[in-house]
Each structure stands twice: as C-alpha cells, then as structure tokens.
Amino acid sequence: MATARDPLTVYYDGACPRCVRDRARYERLAGEHAADTCWVDISGRDDELRRRGIDPHAALRELHVAGADGRIHRELDAYIVLMARTPRLRPLAWLIGLPVIRPLLSWLYRTAVLHRLRASGRL
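According to our numbering, the sequence shown holds residues 166 to 288 in order.
If you are wondering where the hints come from, they were derived from the structure by calculation, not from laboratory data.
Values in this document were obtained by computation on a predicted structure and should not be read as measured data.
Check each hint, because a few of them may be wrong.
FRET-style restraints, in silico, Cβ to Cβ [what the hints assert, rightly or not]:
{"hint": "1", "residue 1": "G196", "residue 2": "L260", "range": "26 to 34 Å"}
{"hint": "2", "residue 1": "H222", "residue 2": "R170", "range": "18 to 26 Å"}
{"hint": "3", "residue 1": "R216", "residue 2": "R287", "range": "30 to 38 Å"}
{"hint": "4", "residue 1": "A223", "residue 2": "A284", "range": "32 to 40 Å"}
{"hint": "5", "residue 1": "L269", "residue 2": "R183", "range": "19 to 27 Å"}
{"hint": "6", "residue 1": "R253", "residue 2": "R287", "range": "28 to 36 Å"}
{"hint": "7", "residue 1": "R190", "residue 2": "R267", "range": "29 to 37 Å"}
{"hint": "8", "residue 1": "G209", "residue 2": "I237", "range": "13 to 21 Å"}
{"hint": "9", "residue 1": "G209", "residue 2": "L269", "range": "30 to 38 Å"}
{"hint": "10", "residue 1": "L279", "residue 2": "R170", "range": "31 to 39 Å"}
{"hint": "11", "residue 1": "L257", "residue 2": "G232", "range": "29 to 37 Å"}
{"hint": "12", "residue 1": "D187", "residue 2": "A223", "range": "27 to 35 Å"}
All C-beta atoms in this analysis are idealised placements derived from N, C-alpha and C, irrespective of residue type, glycine included.
Taking the hints into account, I'd like the entire structure generated from these sequences.
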C-alpha cells in the first residue's frame, strides 16, 4: 500500500507557464512533502514517456503521476493522488473526488487544457 511518503513522479508540461506556476504553488503548499515528488518536464521526452506507458499526446492534455509502485494516474486521479499526500491540500483532493463534482471538474479541466493548447498552437 502506498503511503504519503512514497515518492511520486509527476509528468507535467514545462512549456506551459500556468503548469510551471501550479508546480511552484504545489511545492510551496506541500512544504516538506514536496521533497518526495520528482517533477519531469514532458517537453521533448516522447520516447521516455512511451517507455513508461504514457502516450505523449495524452501527456500534453492530462497530468500524469507515477506512484512508487509504477502505477500511472492521469487527469483528476493524478491531481487527487498528488494533493492527498499534502495535509493542506487533502481536503481539496477529497472534494474533487466526489461523484457530484468530479464529472464537471473533469469537463472543465479538459476544456481549459484544449483551449490552452489551441491558443499556443501546440494542438
């Protein structure tokens, strides 16, 4: 069973200014728990992503998190895993996992990411 101290690898879009800001915000809020998270910029790492079982195009559209057990979590599941290990963000992880909220949040997330990628000419 995974614990809050098991290392996580977060695959994020380092070419996205908002994603970079979100990473910095997470690290600030996570405090000491941030040290157990390895951040990997997906830019130019298509082969590495494929070896990990991550579709590079999906990695652009969704956050991916690999647990210490190698399991890959994506989209809102990735956010829930990431936030649940940080005491300050644990209530938010619980909230976004609620069956009433999750579908709407998932739709909003996908829509915002597609808009960002189209606006930057990366889709």
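Q: Starting from the range 32 to 40 Å, see whether the pair A223 and A284 falls in it by beta-carbon distance.
A: violated (19 Å)
Q.
Is 19 to 27 Å respected by the C-beta to C-beta distance linking L269 and R183?
A. holds (20 Å)
(Q) Assuming the hint says 31 to 39 Å, is it satisfied by the Cβ distance from L279 to R170 or not? (A) This hint holds: roughly 35 Å between Cβ atoms.
**Q.** Cβ distance range 18 to 26 Å for H222 and R170, holds or violated
**A.** violated (32 Å)
Q: Could you check the hint for me, namely that D187 and A223 are 27 to 35 Å apart, CB to CB?
A: Given a distance of about 18 Å, which is not inside 27 to 35 Å, the answer is violated.
Q) Is the gap between the beta carbons of L257 and G232 within 29 to 37 Å? A) Since L257 and G232 have Cβ atoms about 19 Å apart, the given range 29 to 37 Å is violated.
Q) Between R190 and R267, is the Cβ distance one that fits in 29 to 37 Å? A) violated (22 Å)
**Q.** Beta-carbon spacing of R216 to R287 - inside the hinted bounds 30 to 38 Å or not
**A.** violated (22 Å)
Q. CB of G209 to CB of I237, is that within 13 to 21 Å?
A. holds (20 Å)
Q: Return holds or violated for the Cβ distance of G196 and L260 against the range 26 to 34 Å.
A: Between G196 and L260, where Cβ atoms are some 20 Å apart, the hint is violated.
**Q.** Beta-carbon spacing of G209 to L269 - inside the hinted bounds 30 to 38 Å or not
**A.** holds (34 Å)
Q. Is 28 to 36 Å right for how far apart the beta carbons of R253 and R287 are?
A. holds (32 Å)
Violated hints for the displayed structure, listed by number in ascending order: 1, 2, 3, 4, 7, 11 and 12.
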